[in-house]
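Participant: Below, each chain spelled out in residue letters.
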Amino acid sequence: MAIVAAETRTSYQLDQSWLVRLFDNKPFLIFICLLPAIGLLTVFLSYPLGLGIWLAFTDTRIGRAGSFIGLENFESLWHDRVFITSVWNTLLYTSVATIGKFALGLWLALLLNNHLPMKSLLRAIILIPWIVPTVLSAIAFWWIYDPQFSIISYVLVDVLGWRDTYIDFLGQPWPARWSLIAANIWRGIPFVAISLLAGLQTISPSLYEAAMLDGANAWQRFRHVTFPMLMPILAVVLTFSVLFTFTDFQLVYAITRGGPVNATHLMATLAFQRGIPGGQLGEGAAIAVAMIPFLVMATLFSYYGLSRRKWQQGEDND
Amino acid sequence: MTDQTLATRPPLTEKESTGVIDWSSGPRRFITLYLPLSLFVLILLFPFYWMAITAIKPNAELLDYKNHNPFWVQSPTLDNIKKLLFETDYPQWLWTTMMVATVATALSLFASVLAAYAIQRLKFRGSQYVGLGIYLAYLVPPSILFIPMATLIFQLGLFDSPMALILTYPTFLIPFCTWLLIGYFKSIPYELEECAMIDGATRLQTLWMITLPLAMPGLISAGIFAFTLSWNEFIYALAFIQSAEKKTVPVAVLTQLVEGDVYHWGSLMAGALLGSIPVALLYSFFVDYYVASLTGAVKE
Chain A
1 MAIVAAETRT
11 SYQLDQSWLV
21 RLFDNKPFLI
31 FICLLPAIGL
41 LTVFLSYPLG
51 LGIWLAFTDT
61 RIGRAGSFIG
71 LENFESLWHD
81 RVFITSVWNT
91 LLYTSVATIG
101 KFALGLWLAL
111 LLNNHLPMKS
121 LLRAIILIPW
131 IVPTVLSAIA
141 FWWIYDPQFS
151 IISYVLVDVL
161 GWRDTYIDFL
171 GQPWPARWSL
181 IAANIWRGIP
191 FVAISLLAGL
201 QTISPSLYEA
211 AMLDGANAWQ
221 RFRHVTFPML
231 MPILAVVLTF
241 SVLFTFTDFQ
251 LVYAITRGGP
261 VNATHLMATL
271 AFQRGIPGGQ
281 LGEGAAIAVA
291 MIPFLVMATL
301 FSYYGLSRRK
311 WQQGEDND
Chain B
1001 MTDQTLATRP
1011 PLTEKESTGV
1021 IDWSSGPRRF
1031 ITLYLPLSLF
1041 VLILLFPFYW
1051 MAITAIKPNA
1061 ELLDYKNHNP
1071 FWVQSPTLDN
1081 IKKLLFETDY
1091 PQWLWTTMMV
1101 ATVATALSLF
1111 ASVLAAYAIQ
1121 RLKFRGSQYV
1131 GLGIYLAYLV
1141 PPSILFIPMA
1151 TLIFQLGLFD
1161 SPMALILTYP
1171 TFLIPFCTWL
1181 LIGYFKSIPY
1191 ELEECAMIDG
1201 ATRLQTLWMI
1211 TLPLAMPGLI
1221 SAGIFAFTLS
1231 WNEFIYALAF
1241 IQSAEKKTVP
1251 VAVLTQLVEG
1261 DVYHWGSLMA
1271 GALLGSIPVA
1281 LLYSFFVDYY
1291 VASLTGAVKE
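Chains A and B, in that order, are what the protein sequence lines are.
Here the first sequence stands for residues 1 to 318, where the numbers follow our numbering.
Here the second sequence stands for residues 1001 to 1300, where the numbers follow our numbering.
Watch out, some of these pointers could steer you wrong.
[Said to hold, decoys possible] One-sided and incomplete, this derived list gives chain A residues near chain B with beta-carbon spacing under 8 Å:
| id | residue |
| --- | --- |
| 1 | L29 |
| 2 | V135 |
| 3 | S150 |
| 4 | I151 |
| 5 | W162 |
| 6 | G278 |
| 7 | G279 |
| 8 | T299 |
| 9 | L300 |
[What the hints assert, rightly or not] Away from chain B, derived, C-beta distances all over 12 Å, residues of chain A:
| id | residue |
| --- | --- |
| 10 | F23 |
| 11 | T42 |
| 12 | F74 |
| 13 | E75 |
| 14 | T85 |
| 15 | V87 |
| 16 | S137 |
| 17 | R163 |
| 18 | I167 |
| 19 | P228 |
[Claimed, not checked] Derived Cβ-Cβ restraints for the label pairs, each shown as a range:
| id | chain 1 | residue 1 | chain 2 | residue 2 | range |
| --- | --- | --- | --- | --- | --- |
| 20 | B | P1058 | A | D158 | 16 to 22 Å |
| 21 | B | P1027 | A | L122 | 56 to 62 Å |
| 22 | A | F23 | B | I1277 | 42 to 48 Å |
| 23 | B | A1244 | A | K119 | 15 to 21 Å |
| 24 | A | P205 | B | L1204 | 18 to 24 Å |
Rather than coming from a laboratory, the hints here were simulated on the basis of the structure.
Where is the CB? At the ideal position from N, CA and C, for every residue including glycine.
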């Protein structure tokens, strides 16, 4: 009805200049308003996305336009041990880090949901690891994982006496993988905890009272009240977390650069190494494109998580 | 634990066991609440403490754990920071990062305000699909875009120029800001805008004089958040910028301060610390806006 009001108004304001009237013309205004956002996203997001898929089927190198070679990139990747390792690393990294982040993040959120002195200060402190540039905190982890001067080794060997030798965190494949996962969990806990805390705070206390009147114990209250009420927001946060962990680049590039001997490459770091310093744009793009099926699955998950939330709150779909 | 107390206590105090007004059981509350909480805070903050203490340690103390307690510094020095500021391009990197982040944020905010206004207020056929499309754009991660984007940047002649970053950062900033602002516009009563239009304001005047001032908290949230995201961005800055003096802080610290096999941990940590300070300052002033935008973006 507002639209009607706006349009009838213009009809008697004849003294307005044509420019003002043009900007009150709804289709024109919609076009103008959407132009900057849609324009930028089309040129720098949709077009590169399409170009990337095309590049994956060519043998483009830096400085040389490639020609279409069909599935050759993917066939050679299929037999490439480094690539297969990177896929397994990515799956391991994503699954273990996500489970760790959510278990610890949910725990922290439940702790913060209690009545605490200086709660907002505490919340502010907890978000710090998430605010600081990932690469810069990754450098701190690089130093913490140093083979000779690691503070963790110092505590374990010289203070507690639990071990005899310093741990070689980043020199061996498996310790290096676990070290990276630990750093990723550290980085991810604040985001999960604060988002879930926001979800926890929307749960009405009367639900807990009702559950307690029915004789539910603490675990039952968590299982049948907290968890279902948290489920929608949990689904969204989970999707984002999986998406960004799966495509993580910074942490691995900063701490190990894929080493030792390509053992800790994720798909993103391998794509970068092959594509930019290695110059094999086609092959790098193929590795990046190989990530897309996983991302589509995560997005669909998010979509259903969102729609369920709307249904729960009885909102209309706008 | 809680169910035991439920059984042993009289029914009237059941409410206390939820933790809402539970002041009675001190030791248990300490073990289940304060102890894990302080461990969390300790672990989450330790790397920053370690970063700071390393940045002010002289080399003799840094590499000698036998004679010096590594957790403390006996004779703090500013050598590492001095070296960073006067012997490297660090001020230049800070300036570039600041400039790129500011311009990219301004550009994204401009585009997002208009887009969010069009989607939320000028409802048209298919507006929710445009909204959904922008949301999906947020789910496209930079890791799969940087290779084709590098070729595009090269074709446009923007390689090794800050312009490359200013134009590519909005690809992840616009979707985020637009979604945040749609949420804020939704919370502003449309009647206020109707009143303005009945009084003869054009739609752009309404946006400028009614909607935007009311959406100020949303604009601040989106702005500082976008600034932080651009400050922290890494992969595009790594791929598109080559000359040492044009790099952004996160990239430069990692690529320019690490030379050969000898790591100068002191100046590396000083670089990481100084690079975190601008966002940390911004954060300390606008904590509530950060929390609002974080939780708002997830909820929308």
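Participant: Evaluate each hint against the coordinates.
Facilitator: Results of checking the hints against the structure:
1. L29: holds (6 Å)
2. V135: holds (4 Å)
3. S150: violated (10 Å)
4. I151: holds (6 Å)
5. W162: W162/A check fails; min Cβ-Cβ to chain B is 16 Å, beyond 8 Å.
6. G278: violated (11 Å)
7. G279: Hint violated; G279/A Cβ to chain B Cβ min 11 Å, cut 8 Å.
8. T299: At about 5 Å, which falls below the 8 Å cut-off, the nearest Cβ of chain B leaves the hint on T299/A intact, so it holds.
9. L300: violated (10 Å)
10. F23: violated (5 Å)
11. T42: Non-interface label on T42/A violated, nearest chain B Cβ at 10 Å vs cutoff 12 Å.
12. F74: Holds, because the least Cβ-Cβ distance between F74/A and chain B comes to about 15 Å, which exceeds 12 Å.
13. E75: holds (19 Å)
14. T85: holds (18 Å)
15. V87: holds (14 Å)
16. S137: violated (6 Å)
17. R163: Fine: 15 Å to the nearest Cβ keeps R163/A off the interface.
18. I167: Fine: 15 Å to the nearest Cβ keeps I167/A off the interface.
19. P228: P228/A clear of chain B: closest Cβ-Cβ about 17 Å, beyond 12 Å.
20. P1058/B <-> D158/A: 16 to 22 Å: Taking Cβ atoms as reference, P1058/B and D158/A lie about 21 Å apart, which means the hint holds.
21. P1027/B <-> L122/A: 56 to 62 Å: violated (21 Å)
22. F23/A <-> I1277/B: 42 to 48 Å: At 43 Å between Cβs, range holds.
23. A1244/B <-> K119/A: 15 to 21 Å: At roughly 45 Å between Cβ atoms, K119/A and A1244/B fall outside 15 to 21 Å, so the hint is violated.
24. P205/A <-> L1204/B: 18 to 24 Å: violated (45 Å)
In this structure, the earlier hints numbered 3, 5, 6, 7, 9, 10, 11, 16, 21, 23, 24 are contradicted, and the remaining ones agree with it.
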